[in-house]
Amino acid sequence: GAGVSQSPSNKVTEKGKDVELRCDPISGHTALYWYRQSLGQGLEFLIYFQGNSAPDKSGLPSDRFSAERTGGSVSTLTIQRTQQEDSAVYLCASSLVAGGGFFGPGTRLTVL
Amino acid sequence: AQSVTQLDSQVPVFEEAPVELRCNYSSSVSVYLFWYVQYPNQGLQLLLKYLSGSTLVKGINGFEAEFNKSQTSFHLRKPSVHISDTAEYFCAVRIQGGSEKLVFGKGTKLTVNP
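Chains as they are written, first to last, in this note's numbering: chain X, 3 to 114; chain Z, 11 to 124.
Chain X extracted, bound-state conformation (with noise of 0.2 Å):
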């Protein structure tokens, strides 16, 4: 596609329960981001891959946040266990190369 999708585009789910994030990055790019936009903490990064590998995963907040790239292209975030003050709106981005990203829609995530 022309741009960063994600799917879903709304993930309601119960306390407790664990949820899968999906990112299709820019076909060729190299560079993903997992970023996460609350009301609270406004947007904070959560993990950065290079091609399948992940440098830096500095930002998850816990042992539940998990996240994977396959092939080089898709990445999926993994929360499991959700808690209340995970709601928030998960940001993937993609780039080529050093300098900013292009960011996808995001999913919105709510924990009841």
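Hints may contain errors.
[Claimed, not checked] Cut-off 27 Å, straight-line C-alpha distance, at most; resulting in silico cross-link-like pairs (DSS-like, lysine-lysine):
#, chain 1, residue 1, chain 2, residue 2
1, Z, Lys59, X, Lys59
2, X, Lys59, X, Lys19
3, Z, Lys116, Z, Lys59
4, Z, Lys119, Z, Lys68
5, X, Lys13, Z, Lys116
6, Z, Lys116, X, Lys59
[What the hints assert, rightly or not] Which stretches of chain X does chain Z cover? Using the computed rule of at least three CB atoms under 8 Å from a CB of chain Z, they are:
#, region
7, 58-72
8, 102-109
It should be emphasised that the hints constitute simulated quantities derived from the structure, not laboratory data.
None of these values were measured; they are calculated from a predicted model.
Glycine included, each C-beta is placed from N, C-alpha and C at the ideal position.
With chain X fixed as given, assemble chain Z onto it according to the hints.
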């Protein structure tokens, strides 16, 4: 660690007026600087970026920003705004030669009134 301060959380202006959205950063090393715009219920769109070279950077939709190293600022300007510029604007910084992550400011909500 680097940080970004957007001094104004909300900026109301009238249509066709000029606007400046302020951004200051803190970093002990050289940085790259970015401005993103977020329209309601949409993702972030890159407006402009400063990587090197001329300190005056021109972006999309008639916006420009000037990098001032001595004042550690990267203010965003537009000489004449439109109703359609109503959105939230985020300033971001990334350190040169280090982590690829962007550190964002809290955002400035620009409201353009008729």
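Q. Holds or violated: Lys116/Z with Lys59/Z, Cα cutoff 27 Å?
A. Judged against 27 Å, a Cα distance of about 18 Å means the pair holds.
Q: Would you mind confirming whether the straight-line C-alpha gap from Lys59/Z to Lys59/X stays at or under 27 Å?
A: holds (24 Å)
Q.
For a C-alpha distance cap of 27 Å, please report whether Lys119/Z and Lys68/Z respect it.
A. Roughly 21 Å separates the two Cα atoms, so the pair holds.
Q) Would you say the region 58-72 of chain X counts as covered by chain Z, given the rule of at least 3 residues with C-beta under 8 Å? A) Answer holds; 3 residues pass the 8 Å Cβ test.
Q) Do the alpha carbons of Lys13/X and Lys116/Z lie within 27 Å of each other, as the hint requires? A) It holds: about 25 Å lies between the C-alpha atoms, which stays within 27 Å.
(Q) Count the residues of the region 102-109 of chain X whose Cβ falls closer than 8 Å to any Cβ of chain Z, and tell me whether that reaches three. (A) That given contact holds, which follows from 7 residues of the region 102-109 of chain X lying within Cβ reach (below 8 Å) of chain Z.
Q: Below or equal to 27 Å on CA atoms is what counts here, so check Lys116/Z against Lys59/X.
A: Holds: Lys116/Z and Lys59/X sit about 22 Å apart, inside 27 Å.
Q. Has the given pair, Lys59/X with Lys19/X, been kept, meaning a C-alpha gap of at most 27 Å?
A. Holds, at roughly 23 Å.
Of the numbered hints stated above, none is contradicted by the structure.
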